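Novice: Given the coordinates of chain R, assemble chain B onto it according to the supplied hints.
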Amino acid sequence: MRPVVTGVAAITPLGRGLAATRAAIAAGHSACAHIPGHAALAARIGPFTTEPEMPKSKARRLDLGSQYTVVAARQCLADAGWDLAGREERTGILLGTGSGGAGPLTELERQIVLESPEAASPFLFPNTVANAPASQAALELRIKGPNVTLIQKDPAGLNAVLYARMLLTDGRADALLVGAADEWNAVYHAAYERLHVLRTESHPGFVLSEGASLLLLEPEESARARGAAIYARVSGTSFVGRSIAPYRRAAEPADLVATMRAALADAGLSETDIGLVHLSANGSPKTDEPEAEALRQVFGDSPRARYARVKDLLGENPSSGAAQLALAAADLRDEPALGAALVNGFGAGGNFMSVVLTAV
Amino acid sequence: MTGLGAVTSIGRNLEETWEGLVAGRSGIGPITLFDASGYRTQLAAEIRELPGGYEPALRRRLSRSDVIGLEATAEALRDAGLDLDREDPTRIGVVLGGGVSGLLDSENYLEALLTKGPGSARPTQVLNHPPDNTTVRIAERYGFLGPRSTITTACSSSATSLGYASDLIRHGLCDLVVTGGADSFARLTHGGFNALRAVDPEPCRPFDRRRKGLTIGEAAGILIFEEEERARRRGAHIHARFLGYGITGDAHHMTQPEPTGEAGARTLAACLKDAKLNAGDVDYVNAHGTATQQNDSAETYAVKRALGERAREIPMSSIKSMLGHCLCSAGAIEAVATVLTIERSVVPPTIRWGERDPECDLDIVPNVARDSRVRVALSNSFAFGGNSTVVAFGAF
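The listed protein sequences derive, respectively, from chains R and B. When you number the first sequence by our numbering, it's gap-free, plus one each residue, and the end is 360. When you number the second sequence by our numbering, it's gap-free, plus one each residue, and the end is 1396.
Hints listed in this document are in silico derivations from the structure and should not be mistaken for laboratory results. A few of these clues could be false.
[Stated by the list, open to error] In the SDA-like style, the derived pairs of lysine to any residue whose C-alpha atoms are separated by at most 25 Å in a straight line are:
id, chain 1, residue 1, chain 2, residue 2
1, R, K58, B, P1259
2, R, K286, R, H196
3, B, K1212, B, G1029
4, R, K286, B, R1141
5, B, K1304, R, E88
6, B, K1116, R, L114
7, R, K56, B, T1255
8, B, K1304, R, R90
9, R, K286, B, L1062
10, B, K1276, R, D170
11, R, K286, R, D312
12, B, K1212, R, G46
13, R, K58, R, D83
14, B, K1273, R, G86
[Claimed, not checked] Take a look, some chain B residues computed to stay more than 12 Å from chain R by CB distance:
id, residue
15, R1048
16, G1053
17, P1056
18, D1083
19, G1146
20, K1212
21, R1230
22, H1237
23, D1274
24, D1357
25, P1358
26, A1395
[As the list claims (entries may be wrong)] Restraint-style ranges between C-beta atoms, simulated for each label pair:
id, chain 1, residue 1, chain 2, residue 2, range
27, R, E107, B, G1053, 33 to 39 Å
28, B, G1354, R, R249, 55 to 61 Å
29, R, E107, B, G1117, 17 to 23 Å
30, R, H196, B, R1233, 48 to 54 Å
Just so you know, these numbers come straight off a predicted model, no measurement behind them. For every residue, glycine included, the Cβ atom is placed at its ideal position computed from N, Cα and C.
Only chain R is shown next, with the shape it has when bound in the complex (with noise of 0.2 Å):
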C-alpha cells in the first residue's frame, strides 16, 4: 500500500511545530549551540512546556522524550482534523528513537549508584523503557490501537514508515501515528564526545539532537472518503543492511546508490522524477562523503532535485530523520510541481534506509 500523509507534527529544537521548523530553516537559523561544561556541540529543545496541548501538571511525571512525543501528536491529530472519538482501537503510533528512556534512566541508575537501592524511584522506572514516549502519548490521548517503539540509530523514524506501511495494508489500524521522538542525555553525550565522533570547534562531527516529529498515514481511499486534505503519498521504501563498524569505517557510496535505488523502484520512479532530496548527512564525514558520491552517481552533476541538508541546523537523532519526513511532506504540498522527495537515514551502523514521497 501507499499510504498517505493527512497530518505532520515537528517539535524541533528550532521549533514547537512543524511551521516554526520551517520559517527557521528557511532563514538559516541553527539550533547548534555550545553547552556549558562539553567541547561539543548540542541542539536542543531548551525551555519547554506541553501547553496548551497538555497541563503542565500531567507534564511533570513525564520524561522529555514523552513530553515532545504528547505534543506532536496531538499537534499532528489536529492538523490531520482526525477526531479519536470512536476511533480509539483503530488509531496507532510507531515510534522511533534512538535515546528514549535515557534520562530516566541515567537518573534511576544514580540513585541506585550513589544512595541506595531503597532510593530508587517507583515512578522513574516505568519511563526508563525506550516505549516511554509512545505509551505516555498512547496514554494520555488514549490511542487503543497498534503501539511499537522501534530503536535503531539515526533511521528509526524511517523504519517505522516501512512497518506502518505493512500494518496498514494489513488493516491492523485505519491510521498510524509515524515517526520518532529523542531526549537529548549528557551521559550520551559525554560518552559520544569522548569518540570523537561530535562536532566541535576544531573537528567535524554530527550534533546530538532531541525532539519529537510525526505523520499520521492513512490509507489514501479512506482519507479521500473522509475528505482529508492530502500532504504527500508514501510511494516507496528501502532498507539495505551493512556491516560496518559504527563511527570507525566508511560507508560504502555503492551501498547508498542500492538504497535509494531501491526506494524508487518501489516507487515506480525514475531520479529525474525526484525534485528534493533530504539528506542523510549529519556533519559526519564517514557518512557524509559517501552519500554526496553516491548522490552523483544516481543524480548526475547537475540534478533537477534540490538538496536540503537540514541536519546541520537540526542535529542527529532518529527524531531529525522523521522531522525531514514532516518537512518533505509540506513542501510536496505547497510546491507539487516538486513532484516527489527523496529522504535518506543512512545510519552509523550499518542501517541505510530512503523513503520516496510523492505529491499528490
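Specialist: Frame of chain R, contents of chain B only:
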C-alpha cells in the same frame, strides 16, 4: 519456522532448556551478577555460564545480551540446516526484541562516571547498551544484508518482533528472518521492579493465590522464519507455522494492566482474526503469567472473555515459573517453548503452584508437565505501557 535456538537459566541450548521445562526445573537462584543486598529480593533466574569461545578483543565489545543472542542464533541457523553460502544475503532480515540489552555494561560505566568522574571508563560501554546492538551484531556475524529492526515495547518486545518479522515475509521483503530476542539482567531492572514492589521476595508463583510478584530472568530465544514454499522446496524440517498476531494498546496505565481483561481480550481477538482462527481451534495458551497480583487475574479474565467456554477446556501455563520473567526476550523464549509444545505434544507446567486463586481459575497445568495434543497455540505478552501482543502458532 525452520530453526530454533535458546539459551536460558535452565539450559545452554534448546534441548537442555526443553528438558528442563518438561521436568519442571527452576532457574531461579541467588543473584551473582552484582551485590543484591538491600533489595526486596536477592533472587533471579540468571544464566550461570555464558557461552565462550570469543576472541578477547571481540568479547570486550559484546554485551551479555549480544553473547547469548549470537549463541542462540548459531543454534537456530544450524537447526534450520541452511547453507548460508547459497543464500542471497540481501533477502535475510534480522528483527529482534530487546530493551535491557547491554545495560549491565553501561552500569559499570555509569558507576565509574558517578563515583570516579569522567575519563575513568570506556565510552563504548555505554554505547553498547542500545538494544539494536544485538541485532546488528547478528547481521554482521553472518553478513545478512536485509532489513533489520529492534523493537522495544517492554515485556512484549520480542513477541512484537515476531509480528514484524512475519510481515517482512508476508509482504515479500525477505525470504528468511532471524527473529526473537535476547535480553539480560541488570541492576536497573532489578532495582526498578523492586521499587515498584512488583517482585516476589521468594521465587515467583504464577496464578497461585499467595503470589507476590515476578522474579526477573534472562534468556535468548531465536526463531528462523522462512517463507513456506521455499522451506518445502529445500526439504527443511518445519517445526510449526506462524499463523498470525494481534497487536493493540491498552491506554490504561503505565504499570498496571487493565483489570477486567477487556484490553487483553481485544489483543487475543485481533490475533485470532489475523490467524483466521476461532476460539474453538485453540488447544493451548502459553500465558504471560508474570505472577503479579494484577497480571494473572487480568490475564485470566482476558482469556475467558476472548475464548469463552473454550478457555476452561484447554491448558494455560506460565513457564515464567521456571525461567523467571525474561522481560524483552520473554515473548521470544515463550514462543520457542510454544512451538515445541505443538511439535512434541507436551505442555510445560506452571511450577511452585499450591493454592488456588478464584480469580485465576483456568487449568494452569500445576507443577507437572502433561501430554496433550496441541495443534494450535497462542502465546500472550502484555507489557508496561499497555503494549500488548498475542502470537498464534499451528502444527505443520
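Novice: Hint by hint, where does the structure go against what was stated? Just the numbers, ascending.
Specialist: Those not satisfied are hints 12, 19 and 23.
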